[in-house]
Amino acid sequence: MGDRSQGPVLSLEGISKAYPGTRALVDVSLDLHAGEVHGLIGENGAGKSTLMKILAGVVHPDQGHIVIGGVEHRRLTPGSALEFGVSTIFQDADIVRSLTVADNIFLGHEPTRGLTVVDTRQQQRVVQGLIDELGVSLDPTKLGADLTPAERQLTMIVRALRFDPAVLVLDEPTSSLGQTETEHLLGLIGRLAHQGLGIIYISHYLEEVLHVADRVTVLKDGQHVATRPVDGITPDDLVRLMVGRDASAFFVKEPVDIGEVMMRAEGFTGPGIEEPASFEVRRGEVLGFGGLVGAGRTELMELIFGVRKASSGTLYIDGETHRPSSPREAVAAGLSLVTEDRGGSGLLPDRSVRENIASAWNELRGLLVRGERQMSEGIVDRLGVVTPSVEQEVSRLSGGNQQKVVIGRWLAVDAKVYLLDEPTKGVDVGAKHDIYGLISDLLKQGRAVVIVSSDLPELLSISDRIAIMRHGRIVDTVPAADATEQSLMRRFLGVTDA
Amino acid sequence: MPESAQTATATPPAPGSDGAADGHARSQRITRFIAANQWVLLLALTLVLGLFTGLMNERFFNSRNLISILEQSSVLGLVAAGATILIISGNFDISVGAIIGLAAVVMAIMVLAGYPEELAMLAGILVAVVCSVFNAAVSRLFQAPTFIVSLATLGIYTGISLWLTSGLIQVTPQNFNFLAGTRIGGNIPLIFLIGLVGYVAVGFLLKYTKIGRRTYAVGDNPRAAFLSGIDVSRTTVMLFAINGILVGMAAIVLISRIGSAETDTGAGLELRAIGAVVIGGVPITGGRGGVVGTFFGVLLLGVISNMLNMLRVDPFLQHIAFGGLIVVAIGVSWLRTRVGNEG
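Residue numbers (my numbering), protein chains in the order written: chain A, 951 to 1448; chain B, 5 to 347.
If you are wondering where the hints come from, they were derived from the structure by calculation, not from laboratory data.
Quick reminder that beta carbons are idealized off the backbone N, C-alpha and C, glycines included.
Careful: at least some of the hints might be erroneous.
Unchecked claim - Taking beta-carbon pairs under 10 Å as the criterion, some of the chain A residues facing chain B (in silico):
no.	residue
1	R973
2	V976
3	G995
4	S999
5	P1185
6	S1276
7	R1278
8	A1282
9	G1296
10	L1298
11	R1301
12	S1309
13	A1310
14	E1327
15	D1331
16	P1338
Claimed, not checked - Here are the simulated lysine-lysine pairs, DSBU-like style, with alpha carbons at most 30 Å apart:
no.	chain 1	residue 1	chain 2	residue 2
17	A	K1003	A	K1259
18	A	K1375	A	K1170
19	A	K1003	A	K1203
20	B	K211	A	K1259
21	B	K211	A	K1375
22	A	K1366	A	K1394
Stated by the list, open to error - Just the calculated beta-carbon pair ranges, DEER-fashion:
no.	chain 1	residue 1	chain 2	residue 2	range
23	A	K1203	B	V201	32 to 42 Å
24	A	V1243	B	I152	53 to 63 Å
25	A	V1008	B	L49	28 to 38 Å
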């Protein structure tokens, strides 16, 4: 355990950060001692990445301060964070593929001979020294493009260490590593801590965290839940601390007759989906998709909707066989998709509410546009979209109302199956409630709903059955009535021993 | 605890004083008014410039001069109407000047070879459509911006017409000029009306048809358009085909006005057209705007061009004036998006 005599090398004191519609961090405090590995865990959206971005100086906190080596800072910039000794390695570490390991490590801080010529030999000497010191094997002359995921991770660690930091922040460093590589990396982290470095270790892999960390902090909904020494803690204990969120707007399930199969997806494979994925959803039924971020849920929805090319897979919708190769064909088959990224792939931001609602509707009709206004006003009334008129530019609406407009697009074409990817993300409580009400209505009308949600209480209350995804596979489908937040989280994480 | 130097610099800027906020709100209202009513401003500017020129040189108000402004505006108008559709959809066609040259040369050669004029005109439009669609097809096939693709094909089209003519000017027989010679109601040139038809057709298309909706959707957010079931490739090809028809018509009007054709007959029109569209209020990032602004943008360019001639400004300097005007228009376009974002 770390040296406590000199006080923490890093403390966060009362950090808060809000984004429009969400409070990412609420009064979070945390400290880290020299020589300590501090695990940081929490559900999707618990606030881990915001915390890390604040440490990296990419995001500035609204309140609170950061104390590094006894000096208090209101906020950091990427440059000052490094200067004060905090090095952060992000999950998708960006390696320049056309540069060597040594070049990547020195990127932006190249030693030069004369004014401009990069001193390659000196770079390699320094890098080799660092590598030897760490006791790892890495060739400084290897090109970025040829590196394995483990070598990429090592390169980023060496790069971070070159700034001689007091604190190292690692985000999911093992997510793309195999078993042996993971063990090597954990060993390295242990050695670095032993040399006096303070390390914040963010990971979904609870066993790993318990193995490498001295203490672990659990975040939930942007709030600090607990900080515990790892001695005697089990993964199950951690899961219990991570879940159990109180949702203010529950989905109230009304009894709906579940009818015949509305859509069956069979043997879908493609980018991000390694093993053939099959599932079905019935009229009046909600099939939920649960899993961690990156488990392949969004990818599967996009394969089915024809956004990405599926290598294999057949859809049966309402008794007909389809193989949509584009959203256009999927829409014609009665499918609809509300994407997670409302701004990026949902809205036409500069266009009116009317045109946003009618964008798919027009495609199914003749050349001349007629009755668009009346139709869109009907949808706006039905969904309770708060807007001065349907002519309002959609970017001027609130997040919740924008989301209603995106859903309204599919009500306009009366889709048979609704694929909803995180439909209540970044939406206020009132709009959330309205969206739940709308889903209820759709079910009563015999439509089928597939919902991807990272909000466990929502997933549990809204779904009839829940498909669990992990590493690009549907590992199981369970009745929602038999599942609990803890049992789901265990399955998402792959915690085996319950 | 030692006081850190960073604490001071990191303190968020003091909230703006109320007086400044007031002034800010007013300037925002003004810019928003400009954004929403750009064509009124353009019309006013056109009238003011016209009046000024007329005071300096009374020949400006001569009906022959005014008619010639309208005539000159008709070719640019057709090209700019096509450019309006393309820019709203997030595309550019830099090769339209070269396409006009090629279409004009083909028509002239056919007429000189004894083919009927109607057939030559049809061939001219066909050439323009094929060239424009080729730009779209290459762009979609290789996922490259149409701006860059058309910059490359510009060279191809210019080369073909140089090769066809060996670089020589093709003088068309007198009777091809009937279009330009015809006046409706004694005064209004027929070709100006043809230009108007171009605007009206584009305006109708943008406002009342599915193709128009797709144009805005693809220009505003191609990914959202794609996910709504819009076939972005087909839409792009169709918009370039429509552009081709308008450009072909422009070539016909131009050849009938000047009575001859050569490779660089349409040179420079692409930039003037894009300029007119941007001055008319379509942002260079697409997704908004309409053809009414373009109409007044073309008119303003026509009056300015005429004014510079009337005031005997060195023709070399005229280039600077037009370039500068487009830079100003891009600035206004930026202002509009900024106002929109702050909204």
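Do the hints match the structure? See the list:
no., hint, result
1, R973, "violated (19 Å)"
2, V976, "violated (19 Å)"
3, G995, "violated (23 Å)"
4, S999, "violated (22 Å)"
5, P1185, "violated (39 Å)"
6, S1276, "holds (7 Å)"
7, R1278, "holds (4 Å)"
8, A1282, "holds (7 Å)"
9, G1296, "holds (6 Å)"
10, L1298, "holds (4 Å)"
11, R1301, "holds (6 Å)"
12, S1309, "holds (4 Å)"
13, A1310, "holds (4 Å)"
14, E1327, "violated (17 Å)"
15, D1331, "violated (22 Å)"
16, P1338, "violated (13 Å)"
17, A:K1003 x A:K1259, "violated (34 Å)"
18, A:K1375 x A:K1170, "holds (16 Å)"
19, A:K1003 x A:K1203, "violated (38 Å)"
20, B:K211 x A:K1259, "violated (34 Å)"
21, B:K211 x A:K1375, "violated (34 Å)"
22, A:K1366 x A:K1394, "holds (12 Å)"
23, A:K1203 x B:V201: 32 to 42 Å, "violated (60 Å)"
24, A:V1243 x B:I152: 53 to 63 Å, "violated (36 Å)"
25, A:V1008 x B:L49: 28 to 38 Å, "violated (45 Å)"
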